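K.L.:
What follows is the residue order along each chain.
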Amino acid sequence: MKHLFGQLKRFRAATILAPLLKLAEALLELIVPLIVAKIVDDGIGGGDRTLIVRASLFLVLIGFVGLLFSVTAQYFAARAAVGATNGLRRELFRHATGLPFKALDEIGAPTLVTRLTGDVNQVRSGVNLGLRLLLRSPFIVFGALIMAFTVDARSALIFSVMIPVLFLVAFAVTLTTIPLYRRSQAKLDRVVGLTRENLTGVRVIRAFGREDAEVDRFRRESEELSSLNRFVGRISALLNPLTYVVVNLAVIVLLRTGAIRIDAGNLSQGELIALYNYLSQILVELLKLTSLVITINRSLASAKRIGEILDRRDALDSLPEETPDRATPDHVVFRGVSLTYPGAAGPALSGIDLSVGRGEKLGIIGGTGSGKSTLTGLIPHFLDATEGQVLVDGIDVRAYDTDALRRGIGIVLQEPLLFSGSVRDNLKMANPDATDAEMESALATAQILDAVNEKGGLDAKIEQGGRNFSGGQRQRLAVARALVRRPEILILDDSSSALDYQTDARLRAAIAALPEKTTVLTISQRTSSLRDADRIAVLDEGRLVGLGTHEELLATCPVYAEIDASQNADGKEGAV
Amino acid sequence: MKKDRIGLKETRRSSRGVLRRLLREIGRDRAPLVLSLLLSVVSAALTLYVPILIGRAINLAVGQGAVDFAGIGRVLVALLVTVGVTGLFRYAVEVLNNRISCDVVRRLRIRAFGKIGRLPLSYIDSRGSGETVSRIVTDIDTVSDGLLIGFGQLLTGVLTILGTLAFLFWLSWILALIVLLVTPLSLFAARFIASRSHGYFLKQATLNGEETAFIDEMIGGQKVVQSLGAEEATRERFDAINDRFGRAALSAVFFSSLTNPVTRFVNAIVYAAVALAGALLTLSGVGGAAPLSVGALAAALAYATQYTKPFNEISGVVTELQNAMASLSRVFSLLDEPEEKPSKPDAPSLTEVAGRFDFDDVSFSYSPDRPLLKHISLRVRPGETVAIVGPTGCGKTTLINLLMRFYDVCDGAIRLDGADLRELDRRELRRQIGMVLQDSWIRAGSVAFNLAIGRPEATREEIEDAARRAHCDGFIRRMPDGYDTVLPEGGGNLSAGQKQLLSIARVMLCLPPILILDEATSSIDTRTEKKIRDALATLSEGRTSFIVAHRLSTVVSSDLILVMRDGDIVETGTHADLLAAGGFYAALYESQFGGKPKRRETP
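If you read the protein sequences in the order shown, they are chains C and W. Residue numbers for the first sequence follow my numbering, so the first one is 1 and each next one is one higher. Residue numbers for the second sequence follow my numbering, so the first one is 1 and each next one is one higher.
Pulled out of the complex, with its shape left as it was, chain C reads as follows (with noise of 0.2 angstroms):
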């Protein structure tokens, strides 16, 4: 609620004049009843037509006022609501990409765009309809009432005990529906999800004939959802009948008392009227508020699940600024380094120890699950480790400036993932201030550009997610991406599964050839991908349990020879 309420301060005028103005217009139809009393007892009463010529004409210019009034306010109510709203919407995606991996994967991707999207939106309802309502119609409601007292004291009680009971009415109906209408909404999500679920495991369910039993399991879900809604539904329609019947009844008390009080001289027919007409205004204006509140509600929990992403303070670890050593021959130092994420049985890395030197071509490799994409992930400080450091030119990851240290690092994830728009949008991101020809000798070294270029050269479209480009071509723009970006420290994590022998051959030539003295880091199945680097690097379950040349390893290492030899298809048939 604090960030809506910052959000709402810089359109503070708008903020407070929309639902002032609405107070007014608010005033002037309280007046009409007045003016109506006047009609029937002076004009009607009196046989005076110049004066209910005069009073209608003024109740069409107190309509007029009033439109003025409630336009002006419609204005500024949207124009505090969406301008809030967007602020919001703003500060929630700046949040959100500065959110480290930790927190990204805790929250997760689906969760973060519905806060940014649905829930901000609802946000955007609730504020519009609330500056617009929700101080009028109690203020209707309570005008009528004050109102009512000053046309006549006795016969207005009866309205001060009419408006708690009605409250308590649509509070009672409002309070224990919505709980139920959460019950429903987490049914629905039930019966959506068994629904993409069928289509999505279609060749699943066949298989194992389970079409009959899925349908079975959808008809007991929605017939649940049913009879839930139809229990929700018989409750929330008491609200409008009951309202309706109290206003009513208040209206009979108020005609018996009327009639006394007109037999004794104490009131008029045109108060009795007025009275009257009171009361229909303050049962139109319950009417919408109790439509007001199931959305003002909504729009509370949106603005709650918002804050609980914006009260995040999950920053990482940081020591004092220090300055880097580019000279120091040991590049990368892990020392010691152990993680374990939260809600995992087990550690991811333990105890690990290791120097890459600088320009050094180290393979990392290790079964599913042993920790490899979480090791080079230390390096660009995505992550913090549990215990131990990890130093890049000498420093702690911690001492820097996190943009600083990784505007020296490039690094293709596992996921290829390429944004819509053209090649050079998607090198641009990596590095704005490439060249044309930068582009394109990073477009060269990747093995893609001749690939490109078929397809447009630096222009060529890309479709969301890449779908225009194979996985391997998708593999290689990754890294021309990384490339681009001239970095010191280049770490492919499993960039090249999709390449064939010849390809990825040619790519890590290229990279082994590059002027700078990069130093690179390669995550790889295939122990054929690492023979050539300088040292390959064995993760067993979090542990580094080999490092050496290939050669080296195959004798030293089981997990390495274990490896190799799974990989190494006619072993068996070679040694008949």
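These are computed hints drawn from the structure, not numbers from a lab. Note that the structure is a prediction, hence the values are computed from the model and not measured. Just so you know, not all the hints are guaranteed correct.
As the list claims (entries may be wrong) - Now the in silico label distances, taken between C-beta atoms and shown as ranges: (1) C:GLU415 x W:ARG468: 27 to 37 angstroms; (2) W:ALA205 x C:ARG154: 47 to 57 angstroms; (3) C:LYS2 x W:ALA205: 23 to 33 angstroms.
We treat Cβ as the ideally placed atom computed from N, Cα and C, and that holds for glycine.
Once you've looked at the hints, dock chain W against the given chain C.
P.N.:
Chain W alone, transformed into the frame defined by chain C:
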């Protein structure tokens, strides 16, 4: 021009057909619908009668000493009864409407869902799941909200307007005439605002879509964005889109919120006109009619307060009705999709399957203009392991689709133990086959539930045993609740490799006589893969197996390797045969292993 008109007529006719079908759908439950309509008519009339009664009561209290208490008492009793009955009827209508809509939604949804199980795969494959989900969920909701509720509102709205005019006529034809004259003004105002804001809404929706797509892409790829150090550039692009969206949203929100003030103003005019004319009429009758009573004036004013409200509602309801009709026809078109041909009732049941497969001159294509499999003939002996290799798009997966009868052959025949697959019951056939696909499908639910999908009655011991053989017992036990850990749809944090292991365990639990592995181990590291392959080898002992693999190391020990290219089987034989032949397979093999004669390096 003429053509347009015919088109319009057709839409109208078809929408009438759609409505008639919905009524049929409500069918046997017509009673609540009729009752609901009846009660709404009565309660609308009673609601309108209330101000008249109130006016009558006011008339009986003229002034000091001139109050007819007995008369007022009678009116108040009538009022009490009317209000009570109206309240009850209103409640009954709402409950009935809610019940009707819940029932229709449930019934349509279950039917539409059942349809998923009978649709040919070509339908499901050619559409994104989102489209069908939105038909089954959103469209059906729109139908219930828009059509049932909207129809009720439309009816009450029209009844209220007509009733108001009728009662006004009864009170005074002059007042009624005045109100009638102002009516077009309120219609015009509502129409004007709706058409103006419609354009702004469209623009807002377009920009909203653009912004959502950008958010989706950049938040989804946030790790890549950060690895490129492109956070600030992304934020700037976001701000630009966000600002444009904000401008469009401001216009849309503002213009659409004008409806209320404007109709309120129109209402103020109606109110003032009724007050003026009514008051003057009270003073002197017109055209020989008796002067209007004060109570009647009060009643007329009460009508005037509410007069434009139904107009507002109706204009909203009309759009909702249009949406609902569109949704309804989408739902019906899903229900009308042609289904898979049902199996013949006399299909032989399969017991003791040996696993011999004969492909006789099989041809197949997904679309007639692009033939895919061409005249394939092949014999697979019981218990053989057949590997299918070849470049992407050569028809490997298609062959699997045909074996599972996800699709049927266009020409020729595939026989299992001599029986044409098309003569067999699909489920009976599939029960004989265990299939693992490259894209592992993990559904929301516990790990144990996911594993037992093919055999829901399996015991925990059996499940754990299958998981052990698929080498996933270890990581399952490391999960917070072990086998009871609830996985989200899609598997959440599990890696692609772990999901493939779970899929393999599913099949391990069923042990069917035939196995199909379509790139089933592509994301599993080679060392684990080898262990699984050993487990599968024991498993496939005596089982006919088909293995599709990109990684050739996976297939070398197969009894038969089919090399496919552009829908043809170009080479067949064992690994050694094919390597010796030096053909396409040998070239593929070389491209993966660099042609290095590795056997010399192995001791």
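K.L.:
Falls inside 27 to 37 angstroms, the C-beta gap from GLU415 (chain C) to ARG468 (chain W)?
P.N.:
30 angstroms, holds
K.L.:
So the hint says 23 to 33 angstroms: do the beta-carbon atoms of LYS2 (chain C) and ALA205 (chain W) match that?
P.N.:
31 angstroms, holds
K.L.:
Range first: 47 to 57 angstroms. Now tell me if the beta carbons of ALA205 (chain W) and ARG154 (chain C) are that far apart.
P.N.:
Cβ of ALA205 (chain W) to Cβ of ARG154 (chain C): about 55 angstroms, so the range 47 to 57 angstroms holds.
Of the numbered hints stated above, none is contradicted by the structure.
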